Amino acid sequence: SQAGAGWPGAYANIGISDGMENNEIKKSVYWELQRNGLSVLNANDYHVFYAGNGNWYFRRGKAGFYQSTLAIEDNGADADLRLPNVTLRNSRAAGYTGIIQLKSAVTQNGWGAIQGNFMTPSLREYKSNIRDVSFSALEKVRNLRIRQFNYKNAVNELYRMREEKPPNNPPLTTEDIKTYYGLIVDESDEAFIDESGKGIHLYSYASLTIKALQEVDTTVQEQEVEIANLKSQVASQEDRIARLEELLQQLIDKKPEQP
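The sequence shown lines up with residues 1 to 259 when you count with the numbering used here.
Hints in this document: simulated from the structure, not taken from any laboratory. Computed from a prediction, not measured in an experiment: that's the story for all the values here. We put the CB at the ideal spot given by N, CA and C, even for glycine. A hint or two may mislead.
[What the hints assert, rightly or not] In the DSSO-like style, the derived pairs of lysine-lysine whose C-alpha atoms are separated by at most 27 Å in a straight line are:
hint, residue 1, residue 2
1, K140, K127
2, K254, K103
3, K140, K103
4, K178, K103
5, K211, K198
6, K198, K140
7, K178, K165
8, K127, K198
9, K178, K198
10, K62, K140
11, K152, K127
12, K211, K127
13, K152, K165
14, K198, K152
[As the list claims (entries may be wrong)] Here are the in silico distance ranges between beta carbons for each label pair:
hint, residue 1, residue 2, range
15, Q214, F149, 25 to 31 Å
16, G197, F49, 45 to 51 Å
17, E125, N23, 29 to 35 Å
18, A242, S122, 55 to 61 Å
19, A94, R131, 27 to 33 Å
20, A94, F49, 26 to 32 Å
21, A93, G52, 44 to 50 Å
22, G37, A77, 58 to 64 Å
23, E125, H201, 42 to 48 Å
24, Y159, I227, 53 to 59 Å
25, A77, G197, 16 to 22 Å
Using the sequences and the hints, build the whole thing.
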């Protein structure tokens with residue numbers, strides 16, 4: 001059907017009719033093409049999109065001149081939502097099924113993220129077996145090994161930069177790529193490691209660090225009380241010494257005269 005031919009508001013559509021209402025054809029599914037360049041796909045129920053190779057592409061701009069692509073790619077093992085500069089991935093591989101990876105040029109291994117606010121659900125109703133920590137968090141934090149490191153993809157980029165460097169330019173070193181600081185899972189206590197065994201559980205990491213600070217604060221408060229008691233004892237002893245010195249001086253002053 002079509003309407004308004006030759007007018008700015010002209011449109012055409014093709015679809016499946018499910019009856020008439022007030023002399024108008026009612027369609028359950030139809031594709032509407034508008035003269036202003038708008039394409040609208042309508043369905044009374046849901047849309048289903050099939051692709052034999054599991055790839056769907058949404059491009060910005062005209063064919064041959066598109067500026068960027070938003071893609072959904074599913075190869076049977078990994079399902080990716082590919083954005084211009086990062087990729088969100090959920091995998092069917094064991095150990096990754098409950099994880100969303102954020103892959104980028106910086107974190108090629110897929111564990112990078114940028115958050116305006118990172119929120120961990122923490123209502124009591126979400127948890128069971130709630131109890132106090134039975135070990136010294138301070139001891140575990142004390143044993144952590146904070147390392148400095150470079151990501152492997154950044155090192156690979158450094159190798160490429162060295163190959164392309166003009167001969168007369170200064171040599172490139174690891175000082176020319178970003179250095180990061182953090183833990184290595186293989187060297188860390190189980191209390192800080194997530195369920196996958198491949199990453200650090202930031203919520204536990206932060207919570208145990210706070211617990212360690214509380215333990216330090218408790219020790220400091222106990223020491224402050226002890227120091228206050230010692231100061232009181234010292235003041236008392238100084239007072240006793242002063243009184244003894246005064247009595248001694250009185251005895252010296254009152255000693256009998258020699259005949």
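Here is how each hint holds up against the structure:
Simply put, K140 and K127 have alpha-carbon atoms about 24 Å apart, close enough for the 27 Å limit, and the pair holds. Between K254 and K103, the direct Cα distance comes to roughly 93 Å. Violation of the 27 Å bound is thereby established for this hinted pair. A threshold of 27 Å between alpha carbons decides the hint, and for K140 with K103 the separation of about 31 Å lies outside it, so the pair is violated. Of the pairs offered as hints, the one joining K178 and K103 holds, with about 17 Å between alpha carbons and a cut-off of 27 Å not exceeded.
For the hint linking K211 to K198, the alpha-carbon distance of about 24 Å falls within 27 Å, and the restraint holds. Annotation: proposed proximity of K198 to K140 holds, straight-line Cα distance about 19 Å (limit 27 Å). For the suggested pair K178 and K165, the alpha carbons sit about 18 Å apart, so the restraint of at most 27 Å is met. Restraint check for K127 and K198: satisfied, since their Cα atoms lie roughly 24 Å apart, inside the 27 Å limit.
Restraint check for K178 and K198: satisfied, since their Cα atoms lie roughly 22 Å apart, inside the 27 Å limit. Of the supplied pair hints, the one linking K62 and K140 is violated, its CA atoms being roughly 58 Å apart against a limit of 27 Å. Taking the CA atoms of K152 and K127, the gap is near 38 Å; set against the 27 Å cutoff, the hint is violated. Of the supplied pair hints, the one linking K211 and K127 holds, its CA atoms being roughly 19 Å apart against a limit of 27 Å.
Straight-line distance between C-alpha atoms of K152 and K165 comes to about 20 Å, which keeps the hinted pair within the 27 Å bound. With a CA separation close to 16 Å, the supplied pair K198 and K152 stays within the 27 Å bound. As the Cβ distance of Q214 to F149 is approximately 30 Å, the hint placing it in 25 to 31 Å holds. Separated by about 36 Å at the C-beta atoms, G197 and F49 break the suggested range of 45 to 51 Å.
Taking 29 to 35 Å as the suggested C-beta distance range, the pair E125 and N23 does not conform, at roughly 56 Å. Restraint check, A242 to S122: a C-beta distance of roughly 58 Å satisfies the suggested window 55 to 61 Å. The beta-carbon spacing between A94 and R131, approximately 31 Å, falls within the hinted interval of 27 to 33 Å. A beta carbon spacing of about 28 Å between A94 and F49 agrees with the range 26 to 32 Å that was offered as a hint.
Between A93 and G52, the C-beta spacing of about 23 Å breaks the proposed range 44 to 50 Å. In this structure, G37 and A77 break the distance hint of 58 to 64 Å, their C-beta atoms being roughly 38 Å apart. Restraint check, E125 to H201: a C-beta distance of roughly 21 Å breaks the suggested window 42 to 48 Å. Hint check: Y159 to I227, Cβ distance near 57 Å, so the stated range 53 to 59 Å holds.
A hinted range of 16 to 22 Å for the beta carbons of A77 and G197 is consistent with their spacing of about 20 Å.
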